[in-house]
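Read top to bottom, the protein sequences are chains A and B. Each residue of the first sequence is one higher than the last, beginning at 8 in this note's numbering. Each residue of the second sequence is one higher than the last, beginning at 793 in this note's numbering.
Any given hint could turn out to be false.
[What the hints assert, rightly or not] Cut-off 30 Å, straight-line C-alpha distance, at most; resulting in silico cross-link-like pairs (DSSO-like, lysine-lysine):
#1 B:1021 x B:801
#2 A:152 x B:1159
#3 B:825 x B:1021
#4 A:111 x B:1131
#5 A:131 x B:1131
#6 A:157 x B:1021
#7 B:1146 x A:127
#8 B:1128 x A:202
[What the hints assert, rightly or not] Here are some chain A residues pointing at chain B (derived, C-beta under 8 Å):
#9 140
#10 159
#11 193
[Unchecked claim] A short list of chain B residues far from chain A (calculated; beta carbon distances all over 10 Å):
#12 818
#13 830
#14 1210
What the hints contain is simulated information worked out from the structure, not anything from laboratory work. Treat the numbers as computed from the prediction; the structure is a model and nothing was measured. All C-beta atoms, glycine included, are put in the ideal place defined by N, C-alpha and C.
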Amino acid sequence: MSDPHTDNPAAESAVKTEPGKNVENGHARYEAIPGHPHIKPPGVPQAQTKILSAESIAEIQRKMVRYPVRKSAVLPALTVAYRQIGYLNDEIYEELAQITEIPKLHIAEAASFYTLFPKKPRGKYLIMVCDNISCALCGADSLIKYLEEKLQIRLGETTPDNLFTLQSAECLAGCSAAPMMQVNHAYYENLTRKKIDELIETWRREG
Amino acid sequence: MPEKLVLFKHIKDPNHKTVSGYESHGGYSAWRKALTSYKPEEVIAEVKESGLRGRGGAGFPTGLKWSFVPKDSPKPRYLICNADESEPGTCKDRVLLEDDPHAVIEGMAIAAYAIGAHLAFNYIRGEFDYPISVFEKAVDEAYERGHLGNDIYGSGFDLHMITHTGGGAYICGEETALINSLAGDRGMSSMKPPFPAVEGLYGCPTVVNNVETLAVLPHIINNGAAWHKSMGTEKSPGTKLFSLTGHVNRPGNYELELGTTLRELIYDIGGGIPGNRNIKAIIPGGASCPFMTPDQLDTPLDFESIAEAGSMLGSGGCIVLDDRTDIVWATYKLIKFFKHESCGKCTPCRQGTKWITQLVDGILAGKGNEEDIKKIDDICHNMLGRTICPLGDAAAMPVISVVQKFRDDFLRRIQMQSPLRMEQFAVE
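Please work from the sequences and hints to get the whole structure.
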């Protein structure tokens, strides 16, 4: 690779930004970086999306423009899509390919590697209980069993009302507050049966 | 030795995570000092002199790592903060991201200046929703105050920062895998050489440093190399964050001078074992480190002493197993993690972790025989040193130590010929 910044066929000339301008609207991290040749995201009308919202598309484009090389936008794009829809599939890769102009095959190939993104629909609350060593020493396995009994499902299953999916997770770096779990995007730590009861009750009530 | 608070000095102050709070504690003065009165090579020399060693697990000298970046390369250079914290038993970087994000930014800025990078990435694991939001807010604040951006402090130096979030893969904590992941590919490791310092992200010179390593830098620039060397041991200077987890009365993240003993960490700081039970085993530095036994409690926690004792300081994730713990079960917990996280590129790691998991699972199910112990040991030794990245070694080393030190436990479990209940520890 000679100069990687010009390897990108879609690369446009540098987007010039005045010093200080990149903090407008409090979105410093999304603004184009001065002095770096940047990819110019294709305009919204080019992407015919049925699944991804206009907000998601705009966010992907905002993130994309910061990277010196277009392909780096794969994980950010997958993350935005996952956060909107809750899982990823072939149709979503197709739309992401349209938005980012990165080949669909490449997006699908990368997505299949990362376990953070479920590849099929799941319950509204995705419960992931860490069962690695530190959490297991503090009772994670019995907590999973308790949840299985409480939700009347086995690990990996979804309740018939599509409210809860129960999974185990590899270490989530909550070891000093074990046992812990991640539900959708939030961490719940120092868990007890009582805490689980309260959380499940709240989520059932909220539906 | 009691706790020694350098990184954690203001960690409990909720105001410290804001830019004004951080500045009121002297924050960003090191970045200003480095940028306005040091040449990049002087920063590298100071950090080399300080003896700082990488805090992510390998303990490689930080200044030396930076000095591998070619001085005459016409390519852009990149600095990456490795915040893909996911070694079981380790939760220290998360605390820094959540409670001291500006120290991480300031450290990244100093490192970027040292190697001549104008773009720095923080690769944070995707599960860290809250830490990511705190860090992104801190980056915005740093831009607003002129600590990042163009012509910082009138020096003519530009530095920009991107928060990049991962997809839930332990392997991406390995630097070549992280670089591939950041480039948009599957997070699989690559052969070294070329080393990232020569050919890293987008084929350009790249330095990857751990969160904690970077957070130490402002203190070294402010107080000098001699100050840093006055703490810790001769070859492992400074303080280190330890995550104390498992069967202890006060689990948590603690900052100690390197050279503090395991006993001091577990008993004086951690308050000992619940119910005054005895210790069965200790994993001193995260799941990839060989097990230690209670007779080794007086081992000082520094890179050399722990290595002499047959284990590794690793990431500082100290996991304590009390005498109720079934060691075969603990082995299963470790190896199934590595089986899940193996990227699959190298056959010894991909197949080895799978076979060991099956064998240990068989023993737990009451279907094991004595030959299985030898098979497990054989597979481990055929993984060691035969993979591109250290994940294969990381999986094999703790298992080798277990079958060696706790062979009787394996034999006892095999003789029982009855399945073990997985949920051997209850929650309230």
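Hints, one by one, checked against the model:
1. Straight-line distance between C-alpha atoms of residue 1021 (chain B) and residue 801 (chain B) comes to about 18 Å, which keeps the hinted pair within the 30 Å bound.
2. Annotation: proposed proximity of residue 152 (chain A) to residue 1159 (chain B) holds, straight-line Cα distance about 23 Å (limit 30 Å).
3. Between residue 825 (chain B) and residue 1021 (chain B), the direct Cα distance comes to roughly 20 Å. Compliance with the 30 Å bound is thereby established for this hinted pair.
4. Under the criterion of a C-alpha separation no larger than 30 Å, the hint pairing residue 111 (chain A) with residue 1131 (chain B) is consistent with the structure, at around 29 Å.
5. For the proposed pair residue 131 (chain A) and residue 1131 (chain B), the alpha carbon gap of about 29 Å is at most 30 Å, so the pair holds.
6. A hinted pair counts as satisfied when its Cα atoms are at most 30 Å apart, and residue 157 (chain A) with residue 1021 (chain B) does not qualify at roughly 55 Å.
7. Taking the CA atoms of residue 1146 (chain B) and residue 127 (chain A), the gap is about 25 Å. The hint holds against a cut of 30 Å.
8. At roughly 28 Å between alpha-carbon atoms, residue 1128 (chain B) and residue 202 (chain A) fall within 30 Å of each other, so this suggested pair holds.
9. Given hint, residue 140 (chain A) at the interface with chain B, holds; its Cβ is 5 Å from that chain's nearest Cβ, closer than 8 Å.
10. Because the smallest distance between the Cβ of residue 159 (chain A) and any Cβ of chain B comes to about 18 Å, over 8 Å, the interface hint for this residue is violated.
11. For residue 193 (chain A), the suggested interface contact is upheld, since its CB lies about 7 Å from the closest CB of chain B, less than 8 Å.
12. Residue-level check passed: residue 818 (chain B) sits 24 Å from the nearest beta carbon of chain A, beyond 10 Å.
13. The non-interface label for residue 830 (chain B) is consistent with chain A: the shortest C-beta to C-beta separation is roughly 22 Å, beyond 10 Å.
14. The Cβ of residue 1210 (chain B) lies farther than 10 Å from every Cβ of chain A, with a closest approach of about 18 Å, so its non-interface assignment holds.
This entry does not satisfy hints 6 and 10, going by the numbered hints stated previously.
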